[in-house]
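S.K.: Sequence:
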Amino acid sequence: MSKTKSVVRYDYNYLQQYCKENGIELLKDYSTEKVNIYTIIEGKCVNCENNFSKGMKPLCINGGVCKKCGIKMRMEKIKCKNKELYGVEYALQSSSIKDKIKAQNLEKYGVENQFQLEETKNKIKKTNLEKYGVEHPLQNTSIKDKIKTTCLEKYGVENPNQNVEIRQKTIKTCLEKYGVENPNQNVEIRQKTIKTCLEKYGVEHPSQTEENKVKHKKTCLEKYGVECSLQSQDVKHKIKQTNLEKYGVENPSQSENIKNKKEIKCLHSFGVKNPFQSEEVKDKIKQTNLEKYGVENAQQNAEVAEKSAKNAYKSKEYIFPSGRIERIQGYEHYMLNELLQQENILENEIIVNRKDVPTIWYEDANGKKHRYFVDCFIKSQNRCIEAKSTWTAQKKKDYIFLKQQALKDAGYECEIWVYNSKGEKIECYK
Numbered sequence: 001m002s003k004t005k006s007v008v009r010y011d012y013n014y015l016q017q018y019c020k021e022n023g024i025e026l027l028k029d030y031s032t033e034k035v036n037i038y039t040i041i042e043g044k045c046v047n048c049e050n051n052f053s054k055g056m057k058p059l060c061i062n063g064g065v066c067k068k069c070g071i072k073m074r075m076e077k078i079k080c081k082n083k084e085l086y087g088v089e090y091a092l093q094s095s096s097i098k099d100k101i102k103a104q105n106l107e108k109y110g111v112e113n114q115f116q117l118e119e120t121k122n123k124i125k126k127t128n129l130e131k132y133g134v135e136h137p138l139q140n141t142s143i144k145d146k147i148k149t150t151c152l153e154k155y156g157v158e159n160p161n162q163n164v165e166i167r168q169k170t171i172k173t174c175l176e177k178y179g180v181e182n183p184n185q186n187v188e189i190r191q192k193t194i195k196t197c198l199e200k201y202g203v204e205h206p207s208q209t210e211e212n213k214v215k216h217k218k219t220c221l222e223k224y225g226v227e228c229s230l231q232s233q234d235v236k237h238k239i240k241q242t243n244l245e246k247y248g249v250e251n252p253s254q255s256e257n258i259k260n261k262k263e264i265k266c267l268h269s270f271g272v273k274n275p276f277q278s279e280e281v282k283d284k285i286k287q288t289n290l291e292k293y294g295v296e297n298a299q300q301n302a303e304v305a306e307k308s309a310k311n312a313y314k315s316k317e318y319i320f321p322s323g324r325i326e327r328i329q330g331y332e333h334y335m336l337n338e339l340l341q342q343e344n345i346l347e348n349e350i351i352v353n354r355k356d357v358p359t360i361w362y363e364d365a366n367g368k369k370h371r372y373f374v375d376c377f378i379k380s381q382n383r384c385i386e387a388k389s390t391w392t393a394q395k396k397k398d399y400i401f402l403k404q405q406a407l408k409d410a411g412y413e414c415e416i417w418v419y420n421s422k423g424e425k426i427e428c429y430k
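Note that full-length UniProt numbering gives residue 373 to position 373 of the sequence shown, counting from 1, and the numbers run on in steps of one.
Honestly, the hints are just simulated from the structure, not real lab data.
Cβ coordinates follow ideal geometry from the N, Cα and C atoms, glycine included.
Keep in mind that a hint or two might mislead.
Pairs of lysine to any residue, SDA-like flavour, derived with a Cα cap of 20 Å [stated by the list, open to error]:
{"id": "1", "residue 1": "K34", "residue 2": "V7"}
{"id": "2", "residue 1": "K408", "residue 2": "I351"}
{"id": "3", "residue 1": "K262", "residue 2": "D234"}
{"id": "4", "residue 1": "K146", "residue 2": "E130"}
Cβ-Cβ distance ranges computed for the label pairs, FRET-style [said to hold, decoys possible]:
{"id": "5", "residue 1": "E107", "residue 2": "V235", "range": "39 to 45 Å"}
{"id": "6", "residue 1": "C428", "residue 2": "S229", "range": "43 to 49 Å"}
{"id": "7", "residue 1": "E165", "residue 2": "V203", "range": "34 to 40 Å"}
{"id": "8", "residue 1": "K217", "residue 2": "S421", "range": "35 to 41 Å"}
{"id": "9", "residue 1": "K265", "residue 2": "H333", "range": "42 to 48 Å"}
{"id": "10", "residue 1": "T242", "residue 2": "G202", "range": "35 to 41 Å"}
{"id": "11", "residue 1": "N260", "residue 2": "K28", "range": "56 to 62 Å"}
Using the sequences and the hints given, assemble the complete structure.
M.R.: What follows is the structure in C-alpha cells.
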C-alpha cells in the first residue's frame, strides 16, 4: 500500500503553530485576515534586530529570518556543501576546479583567464566608457564619491582600512591563518608569490618584467608626459596639496603626529624609536643584501653602485670623442679631459664604470669594512686616478689617503688629482 504525502494547508492556524514552534514574533495580527500560501507575513528576525517581510510558503521553508540573515544562512550551507565535495569553503579555492577552469579557457580562448584576452579587455573598457565616460569605474569621480559615502555610512571612514575594527579583524584573521599580522610577513607566502612570478614572468615580481616597465612608462607618458608619474610637476603639486589638506604639511614625514605614531609603532615592534636602530632589522637587511647582492650593503655591489651613481642628483654625462657616453660626478670631467688631451690615453683604455673598476675593500678608523670604487682605472698602466675638489681634498684628507693606500696594498698605482673651481690641477698625490 503506497504512502501518500500529507498536504500542508497554509492558513492562519498553520501560521500560528509554525510561529509558536519556531519562536517567531509577528508584527501584525492575521486572525482577521484570510491567510494562504501567497499572504505576505511580516515579523521580527529570529537572528537579529531586523524585520522580515515574505510570503507564507517562503517563511515556512526558509524560517523567520530577514534578507541579510537569509543570505548568511545560504552562504553557510554552500560552504558546508563545498567542504563535503571539495574540502574547501569556496569551489574556486579547489586546485582541481581551478585547473579545470584554466584548461577550459586554454582550450576555448588560448589563455588561462578570459580577462587576459585583449578582446575582453577592450570590451570592458568600451562598456565602461559608454557607462561612466572612463576606462575604469574607479576613474569616475561620482563612483569614487559614492564609495566614500557608503564607507562613511557603514564604517564612519572614507576607506574600510581606516576603520580600527576592520583592521583588527584583518590582523586577527591573518594571525589565525598565517601566524602573522600581514600575509606578506609569512615566509611561505612570500616564497610562493616569488615562485608563481618566476613561473609566469621569469622574474620575482611582475613589475620587474620589461613588458610591465615599458607599459608603465608608456602609460605615464600618455597621462603625464613623463616616464614616471613622480616626475610630473602636476602630480608633485597634487601630492603636496593632499598632504597639506590631510596633515597640514607638504610631506607626511614632516607631521609631528605621524612622526610620533612611527616612533610608537617602532618601539612596540622593535624596542627602538627608529627601525634602523634595531640590531634585528640591521641583521635582516645584511642577510637580504647578502642573498641578493653577495654583500652586506647594497652600495658595495658594483651594479647597484653604478645605477645609484647614474641616478644621482649631481651626476652628468661625459661624451668621449667616439660618442661613448658615461655618467660622471664632481670634477671627473677635468681628469678625463687631461687624460685624453694631454696624456693622449686611448679612450677604450679609460674605465670609469663602477662595475669594471678594481674591487677594493678598506677599513675605516673604527674597523668598519667599506667597498671603494675608484673614479678612473687605466688597465694598460695598472693605474687608478681619483679626481677631487680642493674642498674635498682638505676636509676629507685622511679618508682619501686611506683609500689610496688600500689600492696600493692591492698592487695598483694610485694618484689623487686635486682641481680648483676653474679646472686647474693644483696638486697630485702619488
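S.K.: Report the numbers of all earlier hints that the structure fails to satisfy, in ascending order.
M.R.: Per hint list: single violation, 3.
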